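Residues per chain, in single letters:
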Amino acid sequence: MNHASSTNLNLTLKIWRQAGPQQVGGLKTYEVEGISTDMSFLEMLDVLNQQLIAKGEEPVAFDHDCREGICGTCGVVINGQAHGPDRGTTTCQLHMRRFQNGDTIVIEPWLAKAFPIVRDLVVDRSAFDRIIQSGGYVSVNTGNAPEANTTLVPHHVQQDAMRAAACIGCGACVASCKNASAMLFVSAKVSHLASIPQGQSERSRRVLNMVATMDAEHFGNCTNTGECEAACPAKIELTNIAKLNREYMTALMYSKE
Amino acid sequence: MVTVADTPLDGRCPDGNIASRWDQRKRDLKLVAPNNKRKYTIIVVGTGLAGGSAAASLAELGYNVLSFCIQDTPRRAHSIAAQGGINAAKNYQNDGDSVWRLFYDTVKGGEWRARESNVYRLASVSTSIIDQCVAQGVPFAREYGGTLANRSFGGAQVSRTFYCGGQTGQQLLLGAYQAMMRQVYEGGIKVFNRREMLDLVIVDGIARGIVTRNLVSGKFETFAADAVVLCTGGYGNAYYLSTMAKTCNVTAAWRCHKRGAYFANPCFTQIHPTCIPVSGDHQSKLTLMSESLRNDGRVWVPKNKGETRSPDQIPDADRDYYLERRYPSYGNLAPRDVSSRAAKERCDAGYGVGSSGMSVYLDFSKAIREDGESVIREKYGNLFHMYERITAENPYKVPMRIYPAVHYTMGGLWVDYNLQSNLPGLYVLGEANFSDHGANRLGASALMQGLADGYFVIPYTVGDHIATRKVTPVSTDRPEFHAALDAAKSRVSAILNVNGTHSTEYFHRALGKIMWDHVGMARNEKGLLQAISEIQSLREQFWQDVKVLGSGETLNQNLEHAGRVADFLEFGELLARDALHRDESCGGHFREEHQTEDGECERNDADFSYVSAWEHQGVGAESILHQEPLKFVEAPLGIRSYK
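Those protein sequence lines, which keep their order, are chains A and B. Throughout, our numbering is defined as the position within the first sequence, counted from one, plus 1235. Throughout, our numbering is defined as the position within the second sequence, counted from one, plus 31.
It cannot be assumed that every hint is accurate.
To be verified - Computed cross-link-like contacts, SDA-like style, restricted to lysine to any residue with a CA-CA straight-line distance of at most 20 Å: (1) A:Lys1470 x B:Ile421; (2) B:Lys221 x A:Glu1293; (3) B:Lys578 x A:Glu1293; (4) B:Lys662 x B:Arg56.
Derived from the structure by calculation, the hints contain no laboratory data. Everything numeric in this text was worked out from a predicted model, so none of it was measured.
Let the hints inform the model, and build the full structure from the sequences given.
Here's what the structure looks like:
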C-alpha cells in the first residue's frame, strides 16, 4: 500500500511545552515508536498526541490546517531550522523519510518578540495582519473594476508578480532570522503590487506605511544573512528585499503622495 | 416513512425572462440609505472566498461588519487550497462561450438538481468577478501579449477557466483578505480570529446574533447584529479522510439547523477523481491533484489484470485509457463524478495499480514529449513538487498514481434566491449553502460561486432584509442570548465530563469509515440502513466513552475537535437518511439500484425533481422533509451524457 519502500522509525522528541503566554516553558522529552517513513511530520505529532491522551497527559498544541502546504498555518522549528531540513517545504509537507531510526528531534515554536507564544508550539502572528492592514492592497471597492483585459500585463511581469504573491504568511522568515526581521514577508507583498499596473496609484504610500508598521510591531532589521530565503516554503526570493529597499528609498525621497 | 410537509418550499425566484431575473430582483429590493448603513451591524462567520468577499463588500457599503474565523487569521480559510481555477463566461477564446452556455453546462453538470434562476445569475456575474479580482491585483496567468489566459476544465467544451498557476484559490482569497484588511484599517470590519461559532441566537423569529467560544481563552461570548451571514464551508470531514483542511466542520451550519434552518440535499457530496491515494492507517488527510492536470495528463490502467511491468514498459496497446474509451467527446475531461466512478469501476474490477491496487495512472509522458518539460513545469510545477514531496516519486519520470477522495459538498443550508435561509435574517453563502451546483459541481465553479455570493449578491439582498423588516437594535442581555450561551456552555462541559477511554480521533475515524464504506461513491439501501444504525450506536458510545483532557479555560484543540466530532455524529445520520430517501442516481449520489447497463446514473425525474430540505425534530428523531419543486425551462431535462 505504500508509495515507496517504507520502514518504521523509533525517535526521541524534545518538544517545547508551555501552558500559556505568561507561564515558563521548557523542553520535554518523549519517545515515539513505529513511525512510518510515509507519514508527514504532523502525522508523527498526531501519533505522539494519541499516545499522550491514552496516558492521560495533555496533548501538544500545534497549529495546522490544510496539511498541503498552502494555508501557512503550520510551522515549527525542527532541529534549529524553521519548517525543518527540506527546502521549499512547510512542516506539514515534510515527511518522516527525511529522518533516521534513532534520531533525536528538537521541536520548538517560532521564537520572535513579535510572535508571542500562545501555548506549546502555537504563536500569535497577528502582527502580519496589521502590516497588511496598513497598505498591503489595492484600494478598489467591489463594483468599481474596469473590464479585465483593458489593462495588458505582459507575461513576464505577471510571472514576477506571481512569484512574489506566492507568500503563504507562515512566518518562517521571521523565525529563521537572527534579527526576527519581517522584511521578506513585507517585501513579497510590496514587490507583488509594485510590479503590476493595478498597484501603481498607492505605490509610495503602501511601502512607507507597511515599513512603519513593521517597525512598530517590533520586528528587527534585515542584515542580508539570507536565512529567510533558505527557510521560506514558498521560495520567496531575497531579491524582493532589494526591491523593497529601492521602493522605500524612492518613496521616501520622491513621493508626492 | 419520511414525513413530508404539506406546503412545498418556495425559492422566491423572480419570474419572467431568465436573463433579466436578477435585474428584476435588484429593482424590487429595498435599499438602505448610505448614511443609515453605519447604524447596522452584520455578522459574517467564516473568511473564505464567500465570507471574505462578503465582509469586505458590506463594509465598503458602510455597514459595521463583525467577522469571525476559526483560524489565527482570515487569510487561512480553506478556499486557499483551491488549485486549478475559476470559471467565467468571458469568451476571450472566441470558442463559443456565453453566459447561457456556462449556465447550461452548470445545470447539466449538476444533473438537473439545481435551481435555474440561481445558476443563471451565477453565470452572468461570473465576468464581473474576473474584472474585480484583476483590479485587486490578482496575478492571473497571461498570454505573451498581456491578455488573460484560459484553460479547460471538466464538463465543458470551451476554455473558460482563469488561473494563477496551481494556486488560484490562494490568490483569490488573498485578494478578498486584502480587501478585508483595508476595511479593518478603515474601521468598517472588526475581526474576531480563533473564534468558533457554537450557536445562533433568534429573537422574535429573526436571526440576531451568535454565540462563540474564544479558542485561546476558552471564554464564551455573545454578539448581536441585524443580520447573520454564514460562510462556513462544507461538511466533507464527516468522512474523516477528505481533501478539506483539518478544521473544516459542520458545527456552525448544524447549530443553525438545530435552531430551525433547513438542511438541503446533504447527500450530494463530491468525490474528486484525482487525489493522492491513501498510503496507510496513519493518514490524516488526503491531497488533491488539480483537475487542471487532466488538460495534459491521460488517465489509464493496464489492459491486463496482474500486470507486473513498470508503467513506462507497458506499450500503448496494453493500456486502457478508459476515460477516452468510455467518453470520447470529453475524454480525460469528463466531469468529476463520472471520472471518479470510472476509476472505482476499474479498480474494483481488478485493474488498479500500486501495491494496494486502489489507484490509476495519470500520465504526462505524451504532453512532456510534445510540449517539453518546461511548459509542463510552468503550468503545474507546484503540483508536481507537492506530489513528489508526499509520495517520493517524480511525476516528470513516472506517472502519478491517483484515486478519488471526498472533496466538496454540494448540499448545505437551504436558501432562497436572495440567499436567505428559511430563518429570516440568516443568510448562507458559498459552499455552506446548497443552491447552485445541484448533484455535482463542475471544476473551477466553487471559487466562482463563493465570490459571486460575497461580492455581487449579498451586498444587494441583505439591505432588503434590514429595510423591509425595519430591524431595531437588540442587546445581548436578552434572555434569548443567555439561553443560547448556557446551551453552548453546557454542551462543552458535558463533553469534558464524559471522561471515558477513547480519543476524539478514534470516534472521528470510526465515523469516517462508516461514511466512506456505505455513503461514499456507491450507495444502496442495505448499506445506508446499516450506516444509520452504526452511526447511532457510535454516537451513543461517544457520549459515554470519549476522553478529552485538559480544561475549557485555555487553548484546548482536543476539546474543539470533540465538539466538531459530536456534531458530525449527528449530521452524518441526516446525510445517510437523505441518501436513503433519494431513491435515484444523480451526479455525486449514486444508488447502485439505479444504474444503466453501462454503469451510468439512472435519474428519476418523475419522483425526485426537487430539493430535499430537512427540518430538525431532535437528535435521533426523524426530520420533516420540505420539498422545493425544480422546474427546467431554459435547460430542459435531458440525458447527461459525456460520451
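| said: To test your reading of the hints: which numbers does this structure violate? | reply: 2
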